[in-house]
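Enquirer: Its first residue numbered 0, the sequence shown is counted upward by one per residue in numbering that gives the first Met the number 0.
Calculated from the structure, these hints are not laboratory results.
C-beta atoms are modelled at their ideal positions from N, C-alpha and C, and glycine is treated no differently.
Treat the hints with care, as some may be off.
Claimed, not checked - List time: in silico DSSO-like cross-link candidates among lysine-lysine, alpha-carbon distance up to 30 Å:
| id | residue 1 | residue 2 |
| --- | --- | --- |
| 1 | K125 | K172 |
| 2 | K201 | K172 |
| 3 | K172 | K137 |
| 4 | K61 | K27 |
| 5 | K125 | K137 |
| 6 | K200 | K163 |
| 7 | K93 | K61 |
| 8 | K163 | K137 |
| 9 | K93 | K163 |
| 10 | K93 | K27 |
Said to hold, decoys possible - Listed next, with one range per pair, are the computed distances between beta-carbon atoms:
| id | residue 1 | residue 2 | range |
| --- | --- | --- | --- |
| 11 | V189 | K93 | 47 to 53 Å |
| 12 | R188 | V89 | 38 to 44 Å |
| 13 | G124 | A198 | 48 to 54 Å |
| 14 | L4 | D106 | 52 to 58 Å |
| 15 | R177 | Q252 | 58 to 64 Å |
| 16 | A179 | Q217 | 46 to 52 Å |
| 17 | G124 | K172 | 20 to 26 Å |
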Amino acid sequence: MVDALVTLIVVLACLGALGVLAAARVVKQYERGVVFRLGRLRSDIRRPGFTMIAPFVDRLQKVNMQIVTMPVPGQEGITRDNVTVRVDAVVYFKVVDPAEAIIAVEDYRFAVSQMAQTSLRSIIGKSDLDDLLSNREKLNQGLELMIDSPAVGWGVHIDRVEIKDVSLPETMKRSMARQAEADRERRARVINADAELQASKKLAEAASQMADTPSALQLRLLQTVMAVAAEKNSTLVLPIPVELLRFLEKGQQEIPSAARTEGGAEGGAPAAGAAAAPEREAAPAQPAQPARQAMPTLTEREPEPHTVE
Numbered sequence: 000m001v002d003a004l005v006t007l008i009v010v011l012a013c014l015g016a017l018g019v020l021a022a023a024r025v026v027k028q029y030e031r032g033v034v035f036r037l038g039r040l041r042s043d044i045r046r047p048g049f050t051m052i053a054p055f056v057d058r059l060q061k062v063n064m065q066i067v068t069m070p071v072p073g074q075e076g077i078t079r080d081n082v083t084v085r086v087d088a089v090v091y092f093k094v095v096d097p098a099e100a101i102i103a104v105e106d107y108r109f110a111v112s113q114m115a116q117t118s119l120r121s122i123i124g125k126s127d128l129d130d131l132l133s134n135r136e137k138l139n140q141g142l143e144l145m146i147d148s149p150a151v152g153w154g155v156h157i158d159r160v161e162i163k164d165v166s167l168p169e170t171m172k173r174s175m176a177r178q179a180e181a182d183r184e185r186r187a188r189v190i191n192a193d194a195e196l197q198a199s200k201k202l203a204e205a206a207s208q209m210a211d212t213p214s215a216l217q218l219r220l221l222q223t224v225m226a227v228a229a230e231k232n233s234t235l236v237l238p239i240p241v242e243l244l245r246f247l248e249k250g251q252q253e254i255p256s257a258a259r260t261e262g263g264a265e266g267g268a269p270a271a272g273a274a275a276a277p278e279r280e281a282a283p284a285q286p287a288q289p290a291r292q293a294m295p296t297l298t299e300r301e302p303e304p305h306t307v308e
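Could you build all of it, start to finish, from the sequences and the hints given here?
Expert: See the structure below:
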């Protein structure tokens, strides 16, 4: 009788230990436990730590509360300005209501992924190519609102959405490269023309200043010669001022006029010489040709001498 009682106690102790083991659960710090008792949701959400459930009656389902990073596969679409692009993105979300995430939707991860893909295609069709390339912050906010609106009913909060990459066709890349090159060349030409205009204004001011002080031009010439000689060149180029050339040209024009004036004064008839000067200028004298000598005739020729033997 005692042996049977001891055996019963041992059996009950073993069954109790097995029941405790079956009812014991551990919820991690980043998780929450949702309990279903006979298929019905219990209102109490199990917090992190050790917890107990009724074995064979309750079922504990754990929900991860961490921020989930989900890549969105690349989606091809046509922008509003008729350019075919391929865009991929990444979505950051987390569960804020464990009960709704289990009850309201079958698989909240799959649902968020599909919603992100459809929203990304919608954004591509509503945007221009320039917005996709340069105005991504606005597009990210629009994507976040489009995904977060239905996700609120699933107990999921969309933390942020980022467009990761925009792939363009090769022909469009070459066209954009040519456009950028042409734009840079245009800006370079405008800057060069502006620099030439400013330099010309400064040179004009310098020229007017040197015109008032001719010695400044000579000093500038000497500075130029010193700058050229500082390079240790074997050939030295010395520029001649334009004023010197004009002075020499003017002197050459004054010499013939002075000579004509002196010739008229020596002839003794300045009035006649002055009157004849226009005629000479109007009709330049032709150089005198030597008179052609006439050939002697046969009768005029001297007889040839004859010798007598």
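Enquirer: A separate judgement is required for each hint: does it hold in the structure or not?
Expert: Comparing the hints with the structure gives:
1. Between K125 and K172 the CA atoms are separated by roughly 21 Å; this keeps the pair inside 30 Å, and the hint holds.
2. Note on K201 and K172: the hinted pairing is violated, with a Cα-Cα distance of about 43 Å set against a maximum of 30 Å.
3. With a C-alpha separation of about 23 Å, the suggested pairing of K172 with K137 holds against the 30 Å cut-off.
4. Between the alpha carbons of K61 and K27 the distance comes to roughly 9 Å, so the proposed pair stays at or under 30 Å and holds.
5. This hinted pair checks out: K125 and K137 have alpha carbons roughly 12 Å apart, not beyond 30 Å.
6. Using a Cα cut-off of 30 Å, the hinted pair K200 and K163 is violated, with the two alpha carbons roughly 51 Å apart.
7. Taking the CA atoms of K93 and K61, the gap is about 14 Å. The hint holds against a cut of 30 Å.
8. For the hint linking K163 to K137, the alpha-carbon distance of about 14 Å falls within 30 Å, and the restraint holds.
9. For the suggested pair K93 and K163, the alpha carbons sit about 20 Å apart, so the restraint of at most 30 Å is met.
10. Restraint check for K93 and K27: satisfied, since their Cα atoms lie roughly 16 Å apart, inside the 30 Å limit.
11. Distance hint for V189 and K93: a CB-CB separation of about 52 Å, consistent with the stated range 47 to 53 Å.
12. For R188 and V89, the hinted distance range of 38 to 44 Å is satisfied, since their beta carbons lie about 43 Å from each other.
13. About 52 Å separates the C-beta atoms of G124 and A198, a value consistent with the hinted range of 48 to 54 Å.
14. For the pair L4 and D106, the supplied restraint of 52 to 58 Å holds, since their beta-carbon distance comes to about 53 Å.
15. At roughly 59 Å, the beta carbons of R177 and Q252 sit within the given window of 58 to 64 Å.
16. One distance hint, 46 to 52 Å for the beta-carbon pair A179 and Q217, holds here, with the actual separation near 50 Å.
17. At roughly 21 Å, the beta-carbon separation of G124 and K172 lies within the given 20 to 26 Å, and the hint holds.
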